[in-house]
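Order-wise, the sequence lines are chains A and B.
Residue 378 in our numbering sits at position 378 of the first sequence, and the numbers go up by one each step.
Residue 309 in our numbering sits at position 309 of the second sequence, and the numbers go up by one each step.
Hints were generated in silico from the structure; no laboratory data involved.
The beta carbon of each residue, even a glycine, is placed where N, CA and C say it ideally should be.
A portion of the hints provided could be inaccurate.
Taking lysine to aspartate or glutamate pairs in the EDC-like style, the calculated list, with each CA pair at most 16 Å apart, reads [what the hints assert, rightly or not]:
#1 A:LYS35 / B:ASP99
#2 B:LYS470 / A:ASP222
#3 B:LYS34 / A:ASP222
#4 A:LYS306 / B:ASP117
#5 A:LYS35 / B:ASP117
#6 A:LYS368 / B:ASP26
#7 B:LYS465 / A:ASP222
#8 A:LYS40 / B:ASP161
#9 A:LYS402 / B:ASP99
#10 A:LYS324 / B:ASP161
#11 B:LYS362 / A:GLU13
Non-contacting residues of chain B with respect to chain A, defined by C-beta distances greater than 10 Å in every case (computed) [unchecked claim]:
#12 ALA196
#13 LYS362
#14 GLU366
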Amino acid sequence: MPFIPHTEEDIAEMLASIGADSIEALFDEIPADLKGGTLKEVPPGLSEMEITRLMMERAGQDGFYQNYIGAGAYEHHIPAAVWQITTRGEFYSSYTPYQAEASQGTLQLLYEYQTMMASLTGMDVSNASMYDGATALAEAALMAVRSHKSSRRILIPETVHPVYRKVARAIVSNQKIEIVEVPFDQTSGQVRLESLDAFATDDVAALVIPQPNFFGVLEQVDALTDWAHSKNALAIGVVNPTALALLKPPGEWGETGADIAVGEGQPLGIPLSSGGPYFGFMACKNSLIRQIPGRIIGRTNDLDGKPGFVLTLQAREQHIRRSKATSNICTNQGLMVTAATIYMSLLGPDGLRRVATHSHANTSSLIKKLTAIPGVEQVFSSPFFHEAAIKLPSSAANALAKLKQNGILGGFNLQAHYPELENTLLVCATETKTEADIDNYVSQFRQALS
Amino acid sequence: MLIFEHARPGRRNYSQAPKTSASFDDIPDHLLRKKQPLLPEVSEMDTVRHYTRLSQKNFSIDTEFYPLGSCTMKYNPRACNALAMLPQYLSRHPLAPEDTGQGFLACMYELQEILKDVTGMAGITLAPMAGAQGELAGVMMIRAYHEAHGDFERTEIIVPDAAHGTNPATAVMCGFKVVEIPTDKEGNVDLNALKAAVGPKTAGLMLTNPSTLGVFEENIAEMSRVVHEAGGLLYYDGANLNAVLGKVKPGDMGFDVIHINLHKTFSTPHGGGGPGSAPIGVAKRLLPFMPVPFVTLENGKYRWVTEQERPQSIGHLSAHMGNAGVLLRAYIYVRLLGREGMNRIAEFATLNANYLMAELRKIGFEIAYPTRRASHEFIVTMKDIKDETGVTAMNLAKRLLDKGYHAPTTYFPILVPECLLIEPAETESKQTLDAFVTAMKEILDEIEQQPDMVKNAPHNMPLRKLDDVKAARELDLCWKPGA
Numbered sequence: 001m002p003f004i005p006h007t008e009e010d011i012a013e014m015l016a017s018i019g020a021d022s023i024e025a026l027f028d029e030i031p032a033d034l035k036g037g038t039l040k041e042v043p044p045g046l047s048e049m050e051i052t053r054l055m056m057e058r059a060g061q062d063g064f065y066q067n068y069i070g071a072g073a074y075e076h077h078i079p080a081a082v083w084q085i086t087t088r089g090e091f092y093s094s095y096t097p098y099q100a101e102a103s104q105g106t107l108q109l110l111y112e113y114q115t116m117m118a119s120l121t122g123m124d125v126s127n128a129s130m131y132d133g134a135t136a137l138a139e140a141a142l143m144a145v146r147s148h149k150s151s152r153r154i155l156i157p158e159t160v161h162p163v164y165r166k167v168a169r170a171i172v173s174n175q176k177i178e179i180v181e182v183p184f185d186q187t188s189g190q191v192r193l194e195s196l197d198a199f200a201t202d203d204v205a206a207l208v209i210p211q212p213n214f215f216g217v218l219e220q221v222d223a224l225t226d227w228a229h230s231k232n233a234l235a236i237g238v239v240n241p242t243a244l245a246l247l248k249p250p251g252e253w254g255e256t257g258a259d260i261a262v263g264e265g266q267p268l269g270i271p272l273s274s275g276g277p278y279f280g281f282m283a284c285k286n287s288l289i290r291q292i293p294g295r296i297i298g299r300t301n302d303l304d305g306k307p308g309f310v311l312t313l314q315a316r317e318q319h320i321r322r323s324k325a326t327s328n329i330c331t332n333q334g335l336m337v338t339a340a341t342i343y344m345s346l347l348g349p350d351g352l353r354r355v356a357t358h359s360h361a362n363t364s365s366l367i368k369k370l371t372a373i374p375g376v377e378q379v380f381s382s383p384f385f386h387e388a389a390i391k392l393p394s395s396a397a398n399a400l401a402k403l404k405q406n407g408i409l410g411g412f413n414l415q416a417h418y419p420e421l422e423n424t425l426l427v428c429a430t431e432t433k434t435e436a437d438i439d440n441y442v443s444q445f446r447q448a449l450s
Numbered sequence: 001m002l003i004f005e006h007a008r009p010g011r012r013n014y015s016q017a018p019k020t021s022a023s024f025d026d027i028p029d030h031l032l033r034k035k036q037p038l039l040p041e042v043s044e045m046d047t048v049r050h051y052t053r054l055s056q057k058n059f060s061i062d063t064e065f066y067p068l069g070s071c072t073m074k075y076n077p078r079a080c081n082a083l084a085m086l087p088q089y090l091s092r093h094p095l096a097p098e099d100t101g102q103g104f105l106a107c108m109y110e111l112q113e114i115l116k117d118v119t120g121m122a123g124i125t126l127a128p129m130a131g132a133q134g135e136l137a138g139v140m141m142i143r144a145y146h147e148a149h150g151d152f153e154r155t156e157i158i159v160p161d162a163a164h165g166t167n168p169a170t171a172v173m174c175g176f177k178v179v180e181i182p183t184d185k186e187g188n189v190d191l192n193a194l195k196a197a198v199g200p201k202t203a204g205l206m207l208t209n210p211s212t213l214g215v216f217e218e219n220i221a222e223m224s225r226v227v228h229e230a231g232g233l234l235y236y237d238g239a240n241l242n243a244v245l246g247k248v249k250p251g252d253m254g255f256d257v258i259h260i261n262l263h264k265t266f267s268t269p270h271g272g273g274g275p276g277s278a279p280i281g282v283a284k285r286l287l288p289f290m291p292v293p294f295v296t297l298e299n300g301k302y303r304w305v306t307e308q309e310r311p312q313s314i315g316h317l318s319a320h321m322g323n324a325g326v327l328l329r330a331y332i333y334v335r336l337l338g339r340e341g342m343n344r345i346a347e348f349a350t351l352n353a354n355y356l357m358a359e360l361r362k363i364g365f366e367i368a369y370p371t372r373r374a375s376h377e378f379i380v381t382m383k384d385i386k387d388e389t390g391v392t393a394m395n396l397a398k399r400l401l402d403k404g405y406h407a408p409t410t411y412f413p414i415l416v417p418e419c420l421l422i423e424p425a426e427t428e429s430k431q432t433l434d435a436f437v438t439a440m441k442e443i444l445d446e447i448e449q450q451p452d453m454v455k456n457a458p459h460n461m462p463l464r465k466l467d468d469v470k471a472a473r474e475l476d477l478c479w480k481p482g483a
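The task is simple: from the sequences and hints, build the whole structure.
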């Protein structure tokens, strides 16, 4: 029997010990009229060889593409060691580290992760991760309202990832929290301070500030952070972790820094994998530590004074506080964080910065070459990190379809979320692309337009 | 030693990152970082050695028996991991067009159909990324359902006192008031208390069945009737689905919405605490409210159903479509087990639990609900032992670590004093269970002969008992250079 080791002799001895006639007798407390129901949609079992063939066939059907889509999930080189170590059984098949003495591996790794993320974001502390970037933003909004006390309004610019805005709305609206979307400047692609001035002091719990924003554009983070603080609101940064190797971290924005930093951790060694599993990161100032949701690891000592690690501040959490918890969140994304921590160790500060600068330079090169094609224009005038919007002289959908026929996923069609941005593509070339790849893209693009 | 303490300024890896830095002079200086982040400067070998050694400080299913109640720590087949990590699956961008992912989407669609069949529900969405998010989605749908019917007075969710902490926390996150109802002495929900609690304010009841007490709610049909007659809906927390898989379908028990913990019942890895995955199943009346996206099959092509087609959907719960890689592993697992394997999961999980319960009772442990069958788990209470010797459930748990066993769940459910919730899972052999019983007997003897030794356990682990109070009082959450 697959994955069940019992022999006939074992079964007989076990039933004798229990005093039951059959395995079926062990289900005698289930009312008979509820039992049964045959399975129609579950096919007969396959051997490992058969399922291998099936999964390889389906993988082959999907194949490989040269990918220029970013829009919240980014292709980066993942060093071989990352997943070889992450999928060691001791990481892969352990559970939440409730028994600290038997989980020092996971606990120490999470403490190292917290240290790395706090430093990368420039914040005081980090939790041990959230489900993904979108839910991390939703949790940050809840956290801001809990700490603000008088306002239940969150300002989110339209330059924040459109699905993040939807997720945040879906999650926080149950608690009578209002999400107000702030329009962006169609020329710069940034949020403008003037569009914020309609909001009064003390009636905003937090302003969300993306860096880079969904269009790849760099926002005026210092001014936005200071605006939030001038209104007695918190500043929540939504940031790309690769970019943080190059860009000013949220903790240093404006006069006193952002209060909470969140984002999608996927670029740190997590494969694209159709959208998950990824992980969200969340860091904050010391003053907000008791409001942060999720697991937090602390360093302490054992009975002999030797240093070790434990889950701490558990009084915030659902298994202790139940209906009074800061969130219903139960686990973090442990295995993804394991991979990200190993990724950050392998790259180090200099390696991550190289990834960031090459991703920036490749996208700059791509945009320069594409906008040399007559009729193709860069949409926004502001500097960008590693993706940018371009407007096509003809149907963007057609161009994408033609590129796809030649093995290229040419970008993300912004019209899906921004109806006013017709025939506009968001394109991204990370460090994984060579100059030859970019030239090939440009040449295919030129043909796709003609 | 921390990874940062292995570091030396200027040490770096040369193969993993681009060979040079590139230009960024078009980015204004005031937007740039001035001080480099505290990432370790270590070699590849330092990193590999450090994290390999850290891994060796963990207990895991691959290395130890891990009878952690309510967590279903069963063997995670290696084929599921290897095949979900084929490079085409890993490299697929979430926003890549559907026609470039028909192989992947076929797996997702078939998984939806299989889960629908196994649970007896009318629709499945794979979107939620963890059990707690599955609960959130389910309770949001209950709220959306009542509101769609113009009923805004249903402000209460009923939760039994034995429920997981996530249940009441979720209800509050969805804007509901929690009404807790007690358990009777046989471990069933107190039916009279339920009858007294329901009314025009009842939005729904959240229930785990079998419950966290390790027993099947015998009155489930009556409970379902009581809640439905009051106009409420029934939520099934699928944490314990492993115990009844292929035996009873939640849909047949009258549940309107359920979540399934794939990281438990469908053997996807727990990964040191995530990623999970918790597809939700719904009865027909909740179909319009399902979160998006989910997969449909039309004219031989698979595609995502979006919110435009489902205007009443509760919306998106993640940036993309949930934990795809976890879903692939679950799909591979069900295909390996097949129809005939589904029934065996519950059968052998239940056999193992009842055998272990019988053997532990024989050597002198007190079972919390001795007249009941165990489901796939059961509870030992150490109340009398503690009263007589001062040795607690946590002391015994730590002593088990010394003997090479992960501890059962302790102090949950909270209504049983000094409890150990023990779930052996179907993948363990009789020989492993017998060895565990021997270890438990040794500890019983130790409690009698040298209780202080047991109280001070663990003794054979890399560290002795850790100071939780110091951790919470003198917060040290990040390493600082020179500290």
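- Numbered hints the structure breaks, given as an ascending list: Violated hints: 1, 2, 4, 7, 8 and 13; rest satisfied.
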